[in-house]
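S.K.: Here's the letter readout for the chains.
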Amino acid sequence: MSATVLNTVLRRIPGTWRRVVRLGALGAVGQVFISLSGMPVRLDVREIIVPILSLGYVTVLAVPLVLGVLLGRRPEHEEFLENPPGRRDLVLGAIAGGLMGGGGLSVLALLLANFDLRDPLINWSPQLLEFLSFGRGTAFGFGIWLVIGAGLGLVGGTLRLASSRTQKVIMTMALTVVGAAILESLVVDLVEGVSLEALVEWMYAPRGGLTLVGAGVLAVVSGLLSLVGQGRVKNMQERIQAMEGPRQTRVNLMLIAAVGVVLVILPLLVGKLTNELLANIGLFVLLALGLNIVVGLAGILDLGYVAFFAVGSYSTAVLTAATSPRIAPEFPWFVALIIVIFIAILVGLFIGAPVIRMRGDYLAIVTLGFGEIIRLLFLSDWLSGWFGGSQGITAIDGVDVFGLLTVDGTNPRRVFYLVLFFCAIAIYISWRLERSRLGRAWMAVREDEPVAEAMGINTVNVKLMAFVVGAVLGSFGGAIFVAKVGSVFPTSFLILVSIIILVVVIFGGMGNIFGVIAGAVVLIGVLGGPKQPGLLVEFSEFKLLIYGALLVWMMLARPEGLIPSARRSRELHQEEFLQDAWLRGQIDTDDNGPDGGSGTAGAEA
Amino acid sequence: MNGTPLLDIRNLTVEFGGLRALDGVDIQVNEGEIVSVIGPNGAGKTTLFNAITASVEADGEILFEGETLLGLDPNQVTSRGVARTFQNVRLFANMTVLENVMVSQHCRTKQGTFGALFYTKAFRQEEAEIRARAEMILAFFGTRLVGFRLDQPAAVLSYANRRRLEIARAMATQPKLLLLDEPVAGMNPVESAELTGLIGRLREEWGFTIVVIEHDMEVVREVSDRVIVLDHGVMIADGDYEEVSSDPRVIEAYLGHGATTK
Ligand SMILES: Nc1ncnc2c1ncn2[C@@H]1O[C@H](COP(=O)(O)OP(=O)(O)OP(=O)(O)O)[C@@H](O)[C@H]1O
Ligand SMILES: [Mg+2]
Numbered sequence: 002m003s004a005t006v007l008n009t010v011l012r013r014i015p016g017t018w019r020r021v022v023r024l025g026a027l028g029a030v031g032q033v034f035i036s037l038s039g040m041p042v043r044l045d046v047r048e049i050i051v052p053i054l055s056l057g058y059v060t061v062l063a064v065p066l067v068l069g070v071l072l073g074r075r076p077e078h079e080e081f082l083e084n085p086p087g088r089r090d091l092v093l094g095a096i097a098g099g100l101m102g103g104g105g106l107s108v109l110a111l112l113l114a115n116f117d118l119r120d121p122l123i124n125w126s127p128q129l130l131e132f133l134s135f136g137r138g139t140a141f142g143f144g145i146w147l148v149i150g151a152g153l154g155l156v157g158g159t160l161r162l163a164s165s166r167t168q169k170v171i172m173t174m175a176l177t178v179v180g181a182a183i184l185e186s187l188v189v190d191l192v193e194g195v196s197l198e199a200l201v202e203w204m205y206a207p208r209g210g211l212t213l214v215g216a217g218v219l220a221v222v223s224g225l226l227s228l229v230g231q232g233r234v235k236n237m238q239e240r241i242q243a244m245e246g247p248r249q250t251r252v253n254l255m256l257i258a259a260v261g262v263v264l265v266i267l268p269l270l271v272g273k274l275t276n277e278l279l280a281n282i283g284l285f286v287l288l289a290l291g292l293n294i295v296v297g298l299a300g301i302l303d304l305g306y307v308a309f310f311a312v313g314s315y316s317t318a319v320l321t322a323a324t325s326p327r328i329a330p331e332f333p334w335f336v337a338l339i340i341v342i343f344i345a346i347l348v349g350l351f352i353g354a355p356v357i358r359m360r361g362d363y364l365a366i367v368t369l370g371f372g373e374i375i376r377l378l379f380l381s382d383w384l385s386g387w388f389g390g391s392q393g394i395t396a397i398d399g400v401d402v403f404g405l406l407t408v409d410g411t412n413p414r415r416v417f418y419l420v421l422f423f424c425a426i427a428i429y430i431s432w433r434l435e436r437s438r439l440g441r442a443w444m445a446v447r448e449d450e451p452v453a454e455a456m457g458i459n460t461v462n463v464k465l466m467a468f469v470v471g472a473v474l475g476s477f478g479g480a481i482f483v484a485k486v487g488s489v490f491p492t493s494f495l496i497l498v499s500i501i502i503l504v505v506v507i508f509g510g511m512g513n514i515f516g517v518i519a520g521a522v523v524l525i526g527v528l529g530g531p532k533q534p535g536l537l538v539e540f541s542e543f544k545l546l547i548y549g550a551l552l553v554w555m556m557l558a559r560p561e562g563l564i565p566s567a568r569r570s571r572e573l574h575q576e577e578f579l580q581d582a583w584l585r586g587q588i589d590t591d592d593n594g595p596d597g598g599s600g601t602a603g604a605e606a
Numbered sequence: 230m231n232g233t234p235l236l237d238i239r240n241l242t243v244e245f246g247g248l249r250a251l252d253g254v255d256i257q258v259n260e261g262e263i264v265s266v267i268g269p270n271g272a273g274k275t276t277l278f279n280a281i282t283a284s285v286e287a288d289g290e291i292l293f294e295g296e297t298l299l300g301l302d303p304n305q306v307t308s309r310g311v312a313r314t315f316q317n318v319r320l321f322a323n324m325t326v327l328e329n330v331m332v333s334q335h336c337r338t339k340q341g342t343f344g345a346l347f348y349t350k351a352f353r354q355e356e357a358e359i360r361a362r363a364e365m366i367l368a369f370f371g372t373r374l375v376g377f378r379l380d381q382p383a384a385v386l387s388y389a390n391r392r393r394l395e396i397a398r399a400m401a402t403q404p405k406l407l408l409l410d411e412p413v414a415g416m417n418p419v420e421s422a423e424l425t426g427l428i429g430r431l432r433e434e435w436g437f438t439i440v441v442i443e444h445d446m447e448v449v450r451e452v453s454d455r456v457i458v459l460d461h462g463v464m465i466a467d468g469d470y471e472e473v474s475s476d477p478r479v480i481e482a483y484l485g486h487g488a489t490t491k
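Heads up: the protein sequence lines correspond to chains A and B, in order.
Be aware that the first sequence starts at 2, since it is given in this note's numbering, and climbs by one per residue.
Be aware that the second sequence starts at 230, since it is given in this note's numbering, and climbs by one per residue.
It should be emphasised that the hints constitute simulated quantities derived from the structure, not laboratory data.
Keep in mind that the hints are not guaranteed to be accurate.
Ranges between beta-carbon positions, derived for each pair [to be verified]:
| id | chain 1 | residue 1 | chain 2 | residue 2 | range |
| --- | --- | --- | --- | --- | --- |
| 1 | B | L427 | A | V229 | 57 to 65 angstroms |
| 2 | B | G300 | A | F335 | 43 to 51 angstroms |
| 3 | B | G261 | A | P560 | 45 to 53 angstroms |
| 4 | A | P355 | B | R430 | 41 to 49 angstroms |
| 5 | B | D302 | A | A243 | 45 to 53 angstroms |
| 6 | A | G194 | B | K350 | 29 to 37 angstroms |
| 7 | A | P355 | B | F347 | 43 to 51 angstroms |
For glycine and all other residues, C-beta sits at the position ideal for the given N, C-alpha and C.
All chains should be modelled from the sequences, with the hints used to inform the complete structure.
M.R.: So, in structure tokens, the structure goes:
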């Protein structure tokens with residue numbers, strides 16, 4: 002009913018403004034939703050720039066800005082419009098959109114002041130009103146959001162109309178400031194490590210957040226750098242691309258070596274907390290690389306990857322801990338690891354064999370089930386004699402390295418080095434396998450399984466192999482996890498772990514080693530893992546909301562992930578890709594006869 | 230053309246629900262022959278290929294080099310030495326031209342995880358061989374699929390080139406028997422004539438025995454030693470082109486009842 006009314010209203014509004022109204026309304030709803038989720042109030046304690054901007058305000062201020070940017074965009078098929086909007090229209094549209102978006106909060110402020118809906122909406126609180134009105138009364142709150150909305154809409158709109166050079170400079174400035182605020186603990190830790198505190202004292206306020214001076218200096222410096230450096234990076238990339246084989250390999254090797262050196266030195270400079278964070282990131286890089294083999298390369302959507310992580314953890318615990326309930330061989334960690342690998346292979350085969358013959362959705366659901374079954378087995382009374390049930394296994398010793406030193410949770414730096422070592426192994430394995438007979442077979446199976454089978458590939462074996470390799474990498478993660486935490490409980494292996502690893506893989510870019518690593522660094526580093534805190538500790542309560550939103554946005558806007566594999570993005574954008582190629586006349590114009598139609602291209606893929 | 234036939238199909242029946250796509254078909258193909266299979270749409274030609282390559286369940290008997298193919302998995306049939314192309318081209322669209330031909334050598338090569346991880350000499354040797362063979366096979370099609378094309382994804386190839394790549398991919402499985410499902414469909418007359426020539430060379434230079442499904446009678450006349458006609462799942466004629474094309478049952482099948490005098 003209301004939808005039809007809305008549509009009739011919308012239809013009366015001239016074409017170009019319809020979008021404004023629609024997006025503005027969406028923005029208003031979005032802002033109200035964010036406010037009522039409790040995020041702004043809860044995140045208000047985390048300062049970005051003292052005293053003017055907190056993370057809480059960023060969550061709501063971003064909306065009108067994004068609206069402005071979106072509305073400032075010229076319509077894609079401008080030629081087809083009767084009277085294409087001019088610059089003035091676009092900016093006006095952006096302002097109006099921002100105004101509407103901000104208006105959502107104005108109305109919310111009024112409602113907050115006059116009604117009490119605390120019962121269904123737990124975040125309907127005086128604090129929210131206080132937050133929205135900047136502590137100056139409802140009327141001020143009402144007005145200020147209209148002004149802020151329109152203002153940010155204007156900023157966003159004009160930003161879009163600026164030259165791409167200017168846009169880049171402004172983006173760099175904004176990202177640097179926000180980045181510096183997010184990375185605060187890391188930066189502070191790092192400068193303390195090299196005793197240069199004095200240099201950055203002006204930058205961060207005593208109780209967290211950038212100072213005004215700090216933010217200003219960062220903005221100016223990054224702006225200048227971006228102005229000067231623009232094009233250089235790209236130039237360099239192109240130069241490297243243009244080099245012939247061996248030299249390019251040499252440059253790549255040098256880059257990898259440089260990153261390696263940084264990763265080895267970094268933990269020495271930072272403190273315990275940061276090392277803990279690095280170790281957590283590394284652990285998820287390892288797990289994500291393992292899942293990437295299964296999902297990214299072989300195309301098997303495994304939603305129960307946590308099973309292998311759990312098996313690795315529990316078998317390491319049983320083999321190394323003196324407190325293991327049934328058998329306690331108390332092997333050294335590295336000896337246990339060899340046995341753990343065999344156990345992982347067996348479990349990979351055991352879980353893989355029944356699910357491998359299924360396709361698509363069924364496979365996903367069954368793997369999800371297996372993930373839970375494994376956890377419930379460890380939790381069960383039936384096996385509690387072996388694994389301690391809900392009590393788990395505790396007081397597990399760390400890793401003893403040749404009797405020289407012990408790696409355990411009390412020393413996160415050592416844990417990080419251990420993780421780093423295994424990440425290097427995982428990267429090597431992924432890299433080598435991808436470029437082998439097996440890797441090609443995985444790709445073929447991912448592309449078209451029946452045809453792969455008809456071309457002589459034993460798809461069952463090949464997919465089982467993916468499961469096994471994934472299981473082994475997952476069990477490495479488990480073994481390290483046990484050494485790090487010193488205990489295992491079934492609650493460490495919830496479905497959530499599978500989901501988060503999958504999000505990391507999808508976010509980073511399926512099938513691309515660098516993408517997956519980048520995904521883990523960004524997501525786990527900033528938001529944190531299932532239980533591990535990230536840099537934005539305040540977000541932990543909203544982690545799932547953000548992971549979910551991110552996944553949806555990713556699927557809509559960039560299904561190939563942050564850093565896609567060339568192949569994968571082709572797969573996902575094939576239609577456009579083919580069309581582009583066709584438009585540029587790249588599709589074999591030479592031997593395309595009169596009826597050699599390339600138009601059907603996408604259909605067969 | 231003596232001794233046991235390479236492919237010996239007896240009383241082959243394939244049913245889809247109530248529909249008999251193939252109904253008691255007997256076909257023999259001798260080593261070194263090029264046999265065409267023709268018939269109206271829906272006659273069961275593609276189903277015949279699907280049955281041979283184990284993509285559909287079939288009753289009866291299919292003997293290849295005297296041993297049965299029934300009950301095998303499709304990949305096992307391929308490793309026995311039967312390769313096929315698809316009527317509705319089904320390449321690995323996002324793999325490169327070269328990779329498409331490399332990956333189908335899977336069942337003729339054997340390096341596994343160990344070799345790949347430790348980058349053994351045997352592994353490197355086999356990789357080089359796979360690559361060399363792939364390039365050699367692609368070179369068979371002249372300049373169409375070599376050079377910069379090697380690293381292009383199959384998805385961007387022209388229709389004709391995709392058909393060629395399908396054949397190359399099937400060749401790479403190193404078959405004895407090659408099943409081509411409408412290899413010139415959608416090609417223009419020039420391309421079609423060129424490919425017709427290649428089919429002959431596939432036998433002369435590579436020693437394949439070939440069964441080809443084709444609608445284009447010009448091509449059929451050109452390439453085939455023998456023509457088999459299917460209609461409604463039944464084999465209605467088997468002989469050389471002249472015999473078959475003058476067979477009243479064949480004419481009737483193509484033109485409908487009443488075309489021949491009763
Ligand atoms: N998988 C299947 N399931 C059900 N019916 C099928 C299946 N495959 C083929 N058929 C039916 O079997 C019959 C024979 O089909 P087939 O594809 O073998 O014909 P064809 O001779 O290759 O025809 P065309 O010249 O059009 O390629 C058709 O009636 C078709 O609808
Ligand atoms: Mg057919």
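S.K.: With reference to the structure, classify each hint as holding or not holding.
M.R.: Results of checking the hints against the structure:
no., hint, result
1, L427(B) to V229(A): 57 to 65 angstroms, "58 angstroms, holds"
2, G300(B) to F335(A): 43 to 51 angstroms, "47 angstroms, holds"
3, G261(B) to P560(A): 45 to 53 angstroms, "50 angstroms, holds"
4, P355(A) to R430(B): 41 to 49 angstroms, "47 angstroms, holds"
5, D302(B) to A243(A): 45 to 53 angstroms, "47 angstroms, holds"
6, G194(A) to K350(B): 29 to 37 angstroms, "46 angstroms, violated"
7, P355(A) to F347(B): 43 to 51 angstroms, "31 angstroms, violated"
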